[in-house]
Amino acid sequence: MLKKGDRIPDFDLVTDRGERISPKTLKGTRAVIYFYPKDDTPGCTREACAFRDALPKFDSAKVRVYGVSADDAKSHGKFVGKYQLNFPLIADPERQAIEGFGVWVEKSMYGRSYMGIARATFAIDANGRVEQVWDKVKPDTHAEEVLAWMTGAAPAVATPVAKKAAPAKKMAASKTAPMKAAAKKVPAKKVVAKKPAARKR
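Quick note on numbering that gives the first Met the number 0: the sequence shown kicks off at 0 and runs consecutively.
Hints in this document: simulated from the structure, not taken from any laboratory.
Check the hints yourself; a few may be wrong.
[As the list claims (entries may be wrong)] DEER-style ranges, computed between Cβ atoms:
no., residue 1, residue 2, range
1, K56, A125, 10 to 20 Å
2, K61, S107, 38 to 48 Å
3, S59, G115, 30 to 40 Å
4, K135, S112, 14 to 24 Å
5, T40, K135, 14 to 24 Å
6, G17, S112, 18 to 28 Å
7, P55, M108, 19 to 29 Å
8, G110, P55, 18 to 28 Å
9, T150, G110, 17 to 27 Å
10, E144, T28, 14 to 24 Å
11, D124, N85, 35 to 45 Å
12, K56, E105, 29 to 39 Å
13, S107, D58, 30 to 40 Å
[Stated by the list, open to error] Mimicking BS3-like on lysine-lysine, the simulated pairs with C-alpha atoms at most 30 Å apart in a straight line are:
no., residue 1, residue 2
14, K135, K106
15, K3, K137
16, K56, K3
17, K77, K56
18, K23, K37
19, K137, K61
20, K81, K2
21, K106, K81
22, K26, K2
23, K106, K56
24, K26, K135
25, K81, K3
26, K137, K37
27, K61, K106
28, K73, K106
29, K37, K73
Source: prediction; values computed, not measured.
C-beta atoms are modelled at their ideal positions from N, C-alpha and C, and glycine is treated no differently.
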């Protein structure tokens with residue numbers, strides 16, 4: 000898999016819109032290229048819809064977004080239409096970009112090994128070099144994570160609510176009574192001198 004600082008590989012592919020995409024067409028602008036396993040599957044749909052919803056913010060930051068899978072342009076077109084996706088999907092059935100970026104990897108499921116596309120995202124600078132790589136992707140929150148990095152915004156962190164100090168426990172009256180009594184000064188008893196008994200005459 001490509002790393003930060005690597006130059007992106009050469010490829011010449013078509014989107015669902017009929018546009019040709021290559022390193023040459025990407026030059027001069029920043030872009031996000033995210034790879035996903037397959038059109039219209041649960042995780043891939045959630046990820047695509049998250050990028051769809053965040054696209055106005057990517058546009059404001061002048062960052063182009065592309066999704067890539069091994070599905071053909073016809074499959075991409077159906078996927079785009081079903082979920083009203085507002086960014087291009089690159090068709091890569093021969094895995095030019097998929098293998099070039101290093102996301103064609105061995106996977107395993109239910110004890111069976113097979114080759115497939117790793118869910119990974121690459122931020123590309125205006126000169127065609129990798130700015131950042133995400134190889135551990137959570138489909139539901141990934142678009143916002145990438146946007147925050149691309150725009151330099153810190154990810155939202157929940158502010159912990161300060162806990163009020165617990166009031167000091169009152170001691171039981173039975174325990175405090177001896178202490179209070181001890182604190183008070185007990186006046187000394189006056190000793191009255193007894194008069195000597197009268198002598199008998």
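Here's how the hints hold up against the structure:
Look at K56 against A125: about 19 Å separates their beta carbons, and that is inside 10 to 20 Å. Here the CB-CB span from K61 to S107 is close to 40 Å, well matched to the stated 38 to 48 Å. Against the hinted window of 30 to 40 Å, the Cβ-Cβ separation of S59 and G115 comes to about 34 Å, which satisfies the hint. The supplied range of 14 to 24 Å is met by K135 and S112, whose beta-carbon atoms lie about 20 Å from each other.
With their beta carbons about 18 Å apart, T40 and K135 fall inside the hinted range of 14 to 24 Å. A hinted range of 18 to 28 Å for the beta carbons of G17 and S112 is inconsistent with their spacing of about 37 Å. In this structure the hint that P55 and M108 lie 19 to 29 Å apart at CB is violated, the actual value being about 36 Å. Roughly 44 Å separates the CB atoms of G110 and P55, a value that falls outside the hinted 18 to 28 Å.
Taken as a hint, the range 17 to 27 Å is violated for the pair T150 and G110, whose Cβ atoms sit roughly 42 Å apart. Taken as a hint, the range 14 to 24 Å holds for the pair E144 and T28, whose Cβ atoms sit roughly 21 Å apart. For D124 paired with N85, a C-beta distance near 23 Å fails the hint of 35 to 45 Å. In this structure the hint that K56 and E105 lie 29 to 39 Å apart at CB holds, the actual value being about 35 Å.
Between S107 and D58 the CB atoms are about 38 Å apart, so this pair conforms to the stated range of 30 to 40 Å. This hinted pair checks out: K135 and K106 have alpha carbons roughly 14 Å apart, not beyond 30 Å. With a CA separation close to 20 Å, the supplied pair K3 and K137 stays within the 30 Å bound. For the suggested pair K56 and K3, the alpha carbons sit about 24 Å apart, so the restraint of at most 30 Å is met.
The suggested pairing of K77 with K56 holds, with an alpha-carbon distance near 25 Å, which does not exceed 30 Å. Among the hinted pairs, K23 with K37 is consistent with the structure: their alpha-carbon atoms are about 26 Å apart, no more than 30 Å. In summary, the hint linking K137 to K61 is supported, as the alpha carbons are separated by about 24 Å, within the 30 Å threshold. Pair hint K81 plus K2 does not hold up; C-alpha atoms about 34 Å apart against a cutoff of 30 Å.
A distance of roughly 28 Å separates the Cα atoms of K106 and K81; the hinted pair therefore holds under the 30 Å criterion. Using a Cα cut-off of 30 Å, the hinted pair K26 and K2 holds, with the two alpha carbons roughly 19 Å apart. Between K106 and K56 the CA atoms are separated by roughly 34 Å; this puts the pair beyond 30 Å, and the hint is violated. A distance of roughly 26 Å separates the Cα atoms of K26 and K135; the hinted pair therefore holds under the 30 Å criterion.
With a CA separation close to 34 Å, the supplied pair K81 and K3 exceeds the 30 Å bound. In summary, the hint linking K137 to K37 is supported, as the alpha carbons are separated by about 16 Å, within the 30 Å threshold. The straight-line distance between the Cα atoms of K61 and K106 is roughly 35 Å, outside the 30 Å bound, and the hint therefore fails. For the suggested pair K73 and K106, the alpha carbons sit about 26 Å apart, so the restraint of at most 30 Å is met.
Note on K37 and K73: the hinted pairing holds, with a Cα-Cα distance of about 13 Å set against a maximum of 30 Å.
In summary, the structure is inconsistent with hints 6, 7, 8, 9, 11, 20, 23, 25, 27 from the numbered list given earlier, while agreeing with the others.
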